[in-house]
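Undergrad: Single-letter residue listing:
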Amino acid sequence: MSISLIMFLCFVGFTLLITFWAAKRNTGASAYFAAGRSITGWQNGLAVAGDYMSAASFLGISGMICFSGYDGFMYSVGFLVAYITVLLIVAEPLRNAGKYTMADLLAYRMSPRPVRALASLSTLTVSTFYMIAQMVGAGGIIKELIHVPFAPAVIGVGLLMLVYVVFGGMLATTWVQIVKALLLMAGAVLLSYLVLQHHGFSLATFFEAVSKADYAGTAEPKNLLEPGLKYGIAAAGPWGPLDLVSLGLGLVLGTAGLPHILVRFYTVPDAKTARSSVVWAMAIIGLFYIMTTFFGFGAATILKKSLILTESGAPNPNMVAPILAHELGGELFFSFISAVAFATILAVVAGLTMSASASFAHDFYSNVIHHGKENRPGAEVKVARITAFVVGAVSIGIAIFLGPSVNAAFLVGLAFAVAASANLPVIIFSVFWKRFNTSGAVAGLSVGLISSIVLILLSPSGIFGKEAPFPLQNPGIVSIPLGFLAAYLGTILTARDPEAESKFAELSVRAHTGLGAEKATSH
Amino acid sequence: MDENKTPVDWNRLAAKPEFHALLGRKARFIIKATIFFMAYYLALPILVGYAPDFMKTKVFGEVNVAYLFAFSQFFMAWIMAFVYVRVASKWDKEAAAVIADVK
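Top line first, the protein sequences correspond to chains A and B.
Under the working numbering, the first residue of the first sequence carries the number 8, and numbering increases by one thereafter.
Under the working numbering, the first residue of the second sequence carries the number 424, and numbering increases by one thereafter.
With the rest of the complex left out, here is chain A (with noise of 0.2 Å):
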């Protein structure tokens, strides 16, 4: 255990190093907001990469294909694919027409103060709901990896986490991330590397050995393989293959409306950096879930049940790859892999923390409360890192009061939901239909926000159980088509807006030429 805690301990100096390196170089909005713009496109490629390869990614993932097979390979087709609505429809004409916030965008040509009020709430209710699921994570691998407690554990990721994003803002989140997606890319290939030397490097003896995954010989075995495992009508009941088509909908329409996914697109000179930045991110994160499919089904052919069940015999799903990395890797291994996922959780925690921190600042107050006007230079600056701590001390307490068996998946499923629901058709018709007025973006934001939490809380995995009225674990089939026709109907069915539809030239030049973009500040 003493290797862990020094490799665990070196991480975080190195990023703590990072820290204060960036914050002397945070001189202004810009910079704190958008490190000053001056991230490249594969750096940047990275960044959003290792936002996106967090504890549900490297962990989660590779836990759900361990014990469920191919159907957690499902949630790796998605979150790639879902960049290609990314790379499509918003990272360009998002750089180009914002500054700060996905909401920049959204209340160009709009009344600012509702849509920007809406799209604060929805980027904080995104933000909560992801930041809570990792720190759970962050909370329940700290414990099993240090011994701490889980409160104490939580407790001390987000003071870290608070460090990084008050002193060190985007640019050291930014650096943050690139440093700990290479370690990543890093940790993965290795591991799939002994998996395959495992079963002597021969893809025909890996699939046989995984079409009858038996658990090192301590278990029954099975194909995992074969799909249905865990979405299957057998295993889900009859609403399963729709509940696994309803998911998939949210995780390829929701990347496009995170806002912390997407508030890294500001932080490179221009748009066709945004595009090229995407393109590295699909390289790496596709080449990171192909590895994890190996980890993964490797992990049910190499692991003994026993070492992936807890005290009370469920499946721990979270420590399949550390507890993998054990068994070919020894302790030095297991210390790496574990510092590294610590860290990613870490990393994921502090961007979304730089999010919602910044939407509240930016978005809520300086533009709804003081309409637009910085009363004191570096007022908007202040504001964002109070938000931060406030912001990290709520998800502190929710994670604690929530404790470290709650389904971490589930909320993040929900932060994809919701950001699929509310931001997405918003995005979209702003930049795109000249007709869209501010009813339209005031009823697609709050109707796509409530129906995709109130749908989740009426499902199976919210407060009714087994009795819920909505039988499907996500809402997304349901939520997301709801979201885009309450903007268009909230559009058509009031009156015309003359100045929204006037400023749509401006926003549509900007948009598709980048003419008055945000240029990078010089250090």
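Be careful, since some hints might not be right.
Said to hold, decoys possible - Dumping the calculated DMTMM-like pairs for lysine to aspartate or glutamate here, alpha-carbon to alpha-carbon at most 20 Å:
| no. | chain 1 | residue 1 | chain 2 | residue 2 |
| --- | --- | --- | --- | --- |
| 1 | B | Lys479 | A | Glu215 |
| 2 | A | Lys526 | B | Asp515 |
| 3 | B | Lys449 | B | Glu517 |
| 4 | B | Lys516 | B | Glu441 |
| 5 | A | Lys279 | B | Asp515 |
| 6 | B | Lys513 | A | Glu227 |
| 7 | A | Lys229 | B | Glu485 |
| 8 | B | Lys449 | A | Glu215 |
| 9 | A | Lys441 | B | Asp432 |
| 10 | B | Lys526 | A | Glu525 |
| 11 | A | Lys229 | B | Asp476 |
| 12 | B | Lys439 | A | Glu508 |
| 13 | B | Lys449 | A | Glu513 |
| 14 | A | Lys510 | B | Asp432 |
| 15 | A | Lys219 | B | Glu485 |
| 16 | B | Lys439 | A | Glu513 |
| 17 | A | Lys279 | B | Glu517 |
| 18 | B | Lys481 | A | Glu334 |
| 19 | A | Lys441 | B | Glu441 |
| 20 | A | Lys312 | A | Glu227 |
| 21 | B | Lys526 | A | Glu513 |
Just so you know, the hints here were simulated from the structure itself, not pulled from any lab data.
Predicted model, so just to flag it, every value in this text is computed and none were measured.
Following the hints, complete the assembly by docking chain B onto the known chain A.
TA: Showing chain B alone in chain A's frame:
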């Protein structure tokens, strides 16, 4: 913040036929591409859920249709990205031409 010194006449730019043409080309590509990738992607959970026996058919050794189709999605995504970048570079040039006469 560098703003242009003379205010930009957005309406003039937006009214240019080159701009309309550019937007038309972009819209046509993006709509077609979106229909394609969404259909290809959603086919996966639909087939897996509603045609499980077909998806379980083995193709190479133990590797089944489901696995190959899921794996192909990665390549579809990468190819889509590659195609988009090529097309978008052309659009960049056309966009630059639209704003070339802005001081």
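Undergrad: Now tell me, hint by hint, if it's right for this structure.
TA: Against the structure, the hints come out as follows:
For the suggested pair lysine 479(B) and glutamate 215(A), the alpha carbons sit about 14 Å apart, so the restraint of at most 20 Å is met. Of the pairs offered as hints, the one joining lysine 526(A) and aspartate 515(B) holds, with about 17 Å between alpha carbons and a cut-off of 20 Å not exceeded. Distance restraint check for lysine 449(B) and glutamate 517(B): the Cα-Cα separation of roughly 11 Å lies within the 20 Å cut-off, and the hinted pair is therefore satisfied. At most 20 Å may separate the alpha-carbon atoms for a hinted pair to count; lysine 516(B) and glutamate 441(B) meet this at roughly 11 Å.
At most 20 Å may separate the alpha-carbon atoms for a hinted pair to count; lysine 279(A) and aspartate 515(B) meet this at roughly 8 Å. As the CA atoms of lysine 513(B) and glutamate 227(A) are separated by approximately 57 Å, the hinted pair breaks the 20 Å bound. Simply put, lysine 229(A) and glutamate 485(B) have alpha-carbon atoms about 13 Å apart, close enough for the 20 Å limit, and the pair holds. Annotation: proposed proximity of lysine 449(B) to glutamate 215(A) is violated, straight-line Cα distance about 46 Å (limit 20 Å).
Taking the CA atoms of lysine 441(A) and aspartate 432(B), the gap is near 18 Å; set against the 20 Å cutoff, the hint holds. Restraint check for lysine 526(B) and glutamate 525(A): the C-alpha separation of about 17 Å stays at or below 20 Å, so the hint holds. A distance of roughly 16 Å separates the Cα atoms of lysine 229(A) and aspartate 476(B); the hinted pair therefore holds under the 20 Å criterion. The suggested pairing of lysine 439(B) with glutamate 508(A) holds, with an alpha-carbon distance near 17 Å, which does not exceed 20 Å.
With a C-alpha separation of about 17 Å, the suggested pair lysine 449(B) and glutamate 513(A) falls inside the 20 Å cut-off, and the hint holds. Among the hinted pairs, lysine 510(A) with aspartate 432(B) is consistent with the structure: their alpha-carbon atoms are about 11 Å apart, no more than 20 Å. Using a Cα cut-off of 20 Å, the hinted pair lysine 219(A) and glutamate 485(B) holds, with the two alpha carbons roughly 10 Å apart. Our distance criterion of 20 Å between C-alpha atoms is met by lysine 439(B) and glutamate 513(A), whose separation comes to about 13 Å.
Between lysine 279(A) and glutamate 517(B) the CA atoms are separated by roughly 14 Å; this keeps the pair inside 20 Å, and the hint holds. Of the pairs offered as hints, the one joining lysine 481(B) and glutamate 334(A) is violated, with about 31 Å between alpha carbons and a cut-off of 20 Å exceeded. About 18 Å separates the Cα atoms of lysine 441(A) and glutamate 441(B), which keeps this hinted pair within 20 Å; it holds. A threshold of 20 Å between alpha carbons decides the hint, and for lysine 312(A) with glutamate 227(A) the separation of about 11 Å falls inside it, so the pair holds.
Proposed proximity of lysine 526(B) and glutamate 513(A) is supported: the alpha carbons are some 16 Å apart, at most 20 Å.
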